[in-house]
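Under the working numbering, think of the first position of the sequence shown as 2, with each following residue one higher.
Source of the hints: derived by calculation from the structure; they are not laboratory data. Glycine included, every Cβ here is placed at the ideal spot set by N, Cα and C. Some clues are possibly wrong.
[As the list claims (entries may be wrong)] Simulated restraints on C-beta separations:
| # | residue 1 | residue 2 | range |
| --- | --- | --- | --- |
| 1 | Leu-235 | Thr-213 | 19 to 25 Å |
| 2 | Tyr-255 | Val-292 | 54 to 60 Å |
| 3 | Ser-39 | Val-122 | 29 to 35 Å |
| 4 | Ser-138 | Tyr-82 | 47 to 53 Å |
| 5 | Val-274 | Ile-148 | 25 to 31 Å |
| 6 | Asp-37 | Ser-58 | 34 to 40 Å |
| 7 | Ser-83 | Tyr-255 | 25 to 31 Å |
| 8 | Ser-138 | Ser-83 | 48 to 54 Å |
| 9 | Met-186 | Tyr-151 | 17 to 23 Å |
| 10 | Trp-291 | Phe-113 | 35 to 41 Å |
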Amino acid sequence: MAGLMINTNLTSQFSVSSFSSSDSGRIPRTGYHLVDPSPWPILVSAGVMNEAASFISFVHGGSFTMMNFICATVLLVSSFYSWMMDIVSEATYLGCHTSIVARGLKIGFSLFLLSEAFFFVGFFWAWFASGIGNLSSGCMWPPRPIIPVYPWGAPLFNTAILLASGAAVTWAHRAVAIHDREETMIPLGLCVLAGVVFLRFQVGEYKAASFTISDGVYGSCFYMLTGLHGSHVLGGTVFLAAMWVRNYFYHFMYPNRHMGMLFAVWYWHFVDVIWLVVFVWAYIWPYKNWVGDKLL
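With the hints as constraints, model all of the structure from the sequences given.
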């Protein structure tokens with residue numbers, strides 16, 4: 002009887018404290034992150050939309066204004082930077098990225114990479130449909146008189162650069178996983194340098210090419226495919242540079258998570274794999290056809 006009275010009293014006290022806690026307006030802590038309202042997504046969308054509209058107008062000879070493009074770029078860059086700084090603050094200083102949130106972020110970024118892969122699939126589809134269609138009808142790919150890019154020069158060098166940077170970024174990931182800040186700085190810096198070198202050689206390759214984006218379906222598909230990959234290399238280089246700066250300011254030291262670094266590594270490996278496919282089918286395959294040594 003005495004035990005029953007004690008249990009009843011404890012239950013009553015617990016109920017009273019629970020009701021008083023909910024009456025005070027406090028929200029129970031969970032493992033999820035309820036994101037505060039933010040203006041950055043809509044501002045980033047507005048910047049992207051205006052940049053796209055300006056570029057399309059320019060391509061079609063419309064009323065393109067450089068000022069509109071510059072304003073859209075400033076809006077996009079500043080809004081995206083502010084958005085990323087909010088995410089860094091939530092992850093590093095506010096402790097919002099719990100294990101449950103981290104799992105959701107990994108799933109989300111994996112789906113993002115999958116969507117990017119299908120983005121490339123669309124351009125490869127156009128490339129193969131045009132190339133195989135030409136070859137099956139007895140024509141050449143590339144069509145005469147286009148001279149394809151020599152694959153064993155700058156493209157092969159860029160392949161070696163990206164493969165070496167893939168090894169370096171794995172080294173950096175292993176170092177940051179054990180919270181070794183000093184060891185992470187070197188390979189991460191080398192990856193950023195590799196991205197800059199890759200882009201420099203690709204720009205030189207474009208300048209030396211014997212055809213332009215307006216030279217039929219071959220030129221359009223080639224420049225869209227390699228240019229799309231080049232834009233991803235640029236984005237990955239900026240991503241890795243941001244992680245280098247964060248590592249310099251001790252953002253990945255214990256007990257902080259290193260989700261940003263993990264996503265940068267995933268993204269860079271994705272860029273590496275896509276480049277191997279681009280190198281074989283956008284450089285070697287047309288060159289083999291051009292010299293008469295059929296690859297497909």
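Hint check:
Between Leu-235 and Thr-213 the beta carbons are some 21 Å apart, a value that agrees with the proposed interval 19 to 25 Å. For Tyr-255 and Val-292, the hinted distance range of 54 to 60 Å is satisfied, since their beta carbons lie about 56 Å from each other. Checked against the hint of 29 to 35 Å, the pair Ser-39 and Val-122 passes, with Cβ atoms roughly 32 Å apart. Hint check: Ser-138 to Tyr-82, Cβ distance near 50 Å, so the stated range 47 to 53 Å holds.
Taking the beta carbon of each, Val-274 and Ile-148 are about 28 Å apart, inside 25 to 31 Å as hinted. For Asp-37 and Ser-58, the Cβ-Cβ distance of about 36 Å falls inside the hinted range of 34 to 40 Å, so the restraint holds. Between Ser-83 and Tyr-255, the C-beta spacing of about 28 Å keeps the proposed range 25 to 31 Å intact. Taking 48 to 54 Å as the suggested C-beta distance range, the pair Ser-138 and Ser-83 conforms, at roughly 53 Å.
A beta carbon spacing of about 37 Å between Met-186 and Tyr-151 contradicts the range 17 to 23 Å that was offered as a hint. Judged by the Cβ atoms, the range 35 to 41 Å given for Trp-291 and Phe-113 holds: they are separated by roughly 37 Å.
Hint compliance for this structure: hint 9 is the single one not met.
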